[in-house]
Amino acid sequence: MPSSIEIDVRDVLKTALSGISASVYSSPPEAVIPPACVIVPDAVYLETVTVGSGAIRVKINFVITAAVAYNNTAGALDGLEKLIISILTALPLGYVVGDVQRPTIQSVGASNLLIADLSVSTFYTQT
Amino acid sequence: MATTVISARGIEFTIDAVDYDPQTTSVLLVNEPTITTYQTLDGKAYKHIDDQWTLNVELLADWGAASSLFESMWNLALNTPNTTVEVVLQTASGASWTADVFPVFPSAGGTAPDAQTDTWTMLVDGVPAITIS
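Those protein sequences? They're chains A and B, same order as listed.
For the first sequence, my numbering gives the first residue as 1, with consecutive numbering after it.
For the second sequence, my numbering gives the first residue as 1, with consecutive numbering after it.
By construction, these hints were calculated from the structure, which means they are not laboratory data.
Note that CB positions come from ideal geometry on N, CA and C, so glycine has one too.
One or more hints might be untrue.
Partial selection, computed: residues in chain A whose CB lies under 7 Å from chain B [what the hints assert, rightly or not]: (1) Val-49; (2) Gly-52; (3) Ser-119.
Stretch-level coverage of chain B by chain A, calculated; a stretch enters the list once three of its residues show a Cβ under 8 Å from a Cβ in chain A [what the hints assert, rightly or not]: (4) 8-20; (5) 106-115; (6) 118-129.
Modelling step: build the complete structure from the supplied sequences, incorporating the hints.
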């Protein structure tokens with residue numbers, strides 16, 4: 001069975017993050033249940049960084065969006081910080097971890113979420 | 001004549017018959033000529049007296065991985081530092097170069113938060129052989 005980014009990367013990353021106290025989505029969901037972390041493609045998403053064409057090898061850039069319910073500022077920020085730390089702790093080896101962007105408030109349906117994006121990247125070889 | 005584009009995607013690259021493509025981000029076979037300049041009564045005269053070729057390789061580190069290329073190169077540099085290994089650099093457009101290079105010790109460690117990388121500067125013994133199909 002040929003490999004795929006979904007099976008060999010996003011689902012593996014989702015499994016690695018499944019131990020944290022949050023809903024984990026390997027792709028953008030229709031509805032987010034906070035606290036949550038969502039694995040979404042970054043821009044640029046796939047990069048070719050190695051020579052040769054014998055196998056398709058790409059660097060994959062993801063954003064892991066951490067989201068908590070925005071009920072009060074202090075509590076939400078504390079919850080978001082703890083969620084980000086737990087994501088960093090759970091990230092598997094082989095991932096390059098970038099910066100966490102400034103938290104923002106986003107309205108999703110009837111609720112407000114405090115979210116922050118964490119950039120991560122890894123490498124994938126199509127077999 | 002149509003424009004020809006040769007990208008690094010078309011490069012096949014082996015050292016000591018081992019495929020290095022998966023870890024290599026850049027590979028360059030570079031010549032540094034030695035040209036002596038003579039000041040004559042008629043002006044400057046130039047004489048190309050020597051060439052030193054170098055293979056410059058930039059790689060993603062793979063310490064600890066199965067069949068690690070870094071560990072393989074480390075062992076070559078440790079056990080047979082004065083014995084050259086064959087490098088074959090081939091482009092999809094049909095040209096290939098063969099050279100004998102001396103092994104080097106890869107560097108260890110890295111800079112956060114980036115992936116661990118290394119640059120190998122490998123001295124070439126003699127002149128690379130070019131084959132154009």
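Are any of the numbered hints broken by this structure? If so, which, sorted upward? 3, 6
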